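Given the structure of chain A, go ahead and fit chain B onto it with the hints provided.
Top to bottom, those sequences are chains A and B.
Mapping the first sequence onto numbering that gives the first Met the number 0, position 15 (from 1) lands on 14, and the numbers just tick up by one.
Mapping the second sequence onto numbering that gives the first Met the number 0, position 136 (from 1) lands on 135, and the numbers just tick up by one.
Identical chains share a label here; the pair holds if one copy fits it or two copies do between them.
Straight-line C-alpha distance at most 30 Å; calculated DSSO-like pairs for lysine-lysine:
(1) 39 with 333
(2) 238 with 268
(3) 333 with 4
(4) 85 with 30
(5) 180 with 268
(6) 346 with 399
(7) 166 with 238
(8) 346 with 238
(9) 232 with 268
(10) 23 with 344
(11) 1 with 333
(12) 180 with 166
(13) 23 with 49
(14) 268 with 166
I should point out that these hints are in silico values taken from the structure, not numbers from a laboratory.
Here the structure is a predicted model, which is why all the values come from computation and not from measurement.
There are 2 protein chains.
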Amino acid sequence: MKTVKVAILGLGTVGSGVYKLIQKRADVMEKTIGAQMEVKKILVRNMNKKREGVDASLLTDNWNDIIEDEEIQIVIEVMGGIEPAKTMILEALRAGKNVVSANKDLIAEEGHVLLATAEENHVDFLFEAAVAGAIPIIRPMKQCLAVNDISEVVGIVNGTTNYILTKMTEEGMDFSDALEKAQELGFAEADPTSDVEGLDAGRKVAIMASIAFHSRVVFPNVFTEGITKITAKDIEYAKEFDSVIKLLGVAHNTESGIEVGVYPMMIHKEHPLASVRDSFNAVFVHGDAADDAMFYGRGAGEFPTASAVMGDVIDVARNMAYGCNGRISCTCYKNLPVKDIGDVKNKFFIRMQVTNEPGVLAAVAEVFGNHKVSITRVVQEHTQPHQAELVIVTESVKEKYMKQALEELLALPSILEVSSIIREY
Amino acid sequence: MKTVKVAILGLGTVGSGVYKLIQKRADVMEKTIGAQMEVKKILVRNMNKKREGVDASLLTDNWNDIIEDEEIQIVIEVMGGIEPAKTMILEALRAGKNVVSANKDLIAEEGHVLLATAEENHVDFLFEAAVAGAIPIIRPMKQCLAVNDISEVVGIVNGTTNYILTKMTEEGMDFSDALEKAQELGFAEADPTSDVEGLDAGRKVAIMASIAFHSRVVFPNVFTEGITKITAKDIEYAKEFDSVIKLLGVAHNTESGIEVGVYPMMIHKEHPLASVRDSFNAVFVHGDAADDAMFYGRGAGEFPTASAVMGDVIDVARNMAYGCNGRISCTCYKNLPVKDIGDVKNKFFIRMQVTNEPGVLAAVAEVFGNHKVSITRVVQEHTQPHQAELVIVTESVKEKYMKQALEELLALPSILEVSSIIREY
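Isolated chain A, as found in the complex (with noise of 0.2 Å):
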């Protein structure tokens, strides 16, 4: 009976659940590939680090035991960062290995650099598991939606987040206290700011637009808002608008270019994105000929993401028995630009204080009139004897005009605050 033989690179969270999982299923194995899988070797940092139910001897903190060891065809790397992964993928593909990795940072920067190299070499490099866990997405566009012209791809690709919000809407929590209770569930990180501030969910958006596209996006093409300014009093404001505030990673493909972005958006109750709760992830695709279409499911965890590599490890060990390996790779044969933030357009909701006095509204009107910002909706509120709140909900606009508009509603004596700005999907 054939034999295939992996290594893992990492073995903390991700790269327990893969080692584990292979375990449970050696019994299955040989139905599904047509062969047993064996986990040679398993590198780590820390050799003296007791880890409960792995066999020790597989343990290794040499590279080069792995590298140099011609038994080994697939490389698994769930340690994450640049270097020294990078290297290792790279040094791995052109040994003729053939790659699955779960790595959003690197994949989001160099992904292109990685799959030429995986082409160059006829082997596979692989990575469902680097965008939204468990949900599969980059097979999915990559296959089965393959003749679409795909023109948008949003996603909900940040479980911490989620929860965050859901907790806001649901519970009338405050951001603060919300993001203590993830910490406390273990849902997000001591240091959040990855998460908060949209840059884990702006590495996932890169890699998805570039597949969905066929054009790169990397990850310092993406504006990034986060969500650490949104208050009780915008999430009450998205109710009564029949809508829910959602990080939403959002990707454009329109005739001026790529439009990609991670905010915080208000998005109609209907919408199937607006269900998705607690931690879940979601990710929503449109193309010319499927329509739209949602996929959704665990975006992190343990087991959720040994999933995903695990399908990849498995794809891979299916074309290792029919001699495929590199059949699908890059698939970025386009070079489409990627439109600056300030040419984007989008929808604004804007709530500000002002002073309770006629003609404030005609002002603001005015400001917004002079830079092409058509309102479709106002809602004024008397808060206190002199002083109103004013929301404002503007058509779609370019966000250059929205950035002047602001500043020049800021130099008006009668806008005492602007204290949101919130864009709708």
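For chain B alone, coordinates are given in the frame of chain A:
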């Protein structure tokens, strides 16, 4: 430059969509599959029918023109029905041609025969379009989720009935008005039996269960119950219970066998399937590693179905380029029993009209108790001076016990009518 030559069997809605997509994507096909794609023949029944936009020289009503043409490497079967589709597919596979099919009727009955023939002849037989139209579901289950032990697949896989139930829920329509509206809009056929009685959904759930559980389930194994008896009153109760009524195709892999059925169910409004509206479809899957996942999109229509067909055709062409056709074939390597519906456990909502006198509830409760049915909820409403509506919700119980209890209930003089029996998810 290489050219992949295909034949299309049937030029109805889906066939036309496939033909148009191949023309529309001619400019990017080489980037996608490394070759051009050409429709060499189209099999039609009526050569004299006028067909807008189709090159008439491609049409034939002679199967021999296709089966004997060695240049045709992919046969796309989109004519539907058991025969002559079955014979043609088998002949094509035996002639070494790859086959892509959207034929759920045939695959739900004879899928194993077709897959075995494909395997013997080292060619592909793919059928993503046969289940839930444009929604990627077969490839995600066979590949992305391949490491999972899938215990549950539940789907809204019939757009017509989901449209009807949405209208009943959101606009208070009754069944016959909603059906009429669906027929006006072309969502329902003149004879809606296959949709409203759950037969169409039953075929799809048989195919999905086979793939999810690695064990053959055929359409005759599937218990089906339609939505014709659902009333506005039932919809109201569902709302009261924070639920909606959906026609669900349900498949569970239990220790005592596979449970598979199609029936209307009350499902809690927070479940992701509950927010699938109008004619959209969705399939919810639970795997031991991936946890919950859901796939949402268009379940029917010219281009959505053609999108799924073309995803398969492109996959076949990529396999041809690498000489690996047949790399993923039948994945049914188990032989699990399918349970009789009587042994399947469900929770029930029972609405009945009873005489309004002391002791009725006690009598009803006794009958349920005698048949191992536990009650979790009772709602009684006085509808007329001497009559009341009694709603009982039960715990999970084997269908056969519920059936016995209902027979005994109907014999009680105080039970005037059992108005509805709806399962709860």
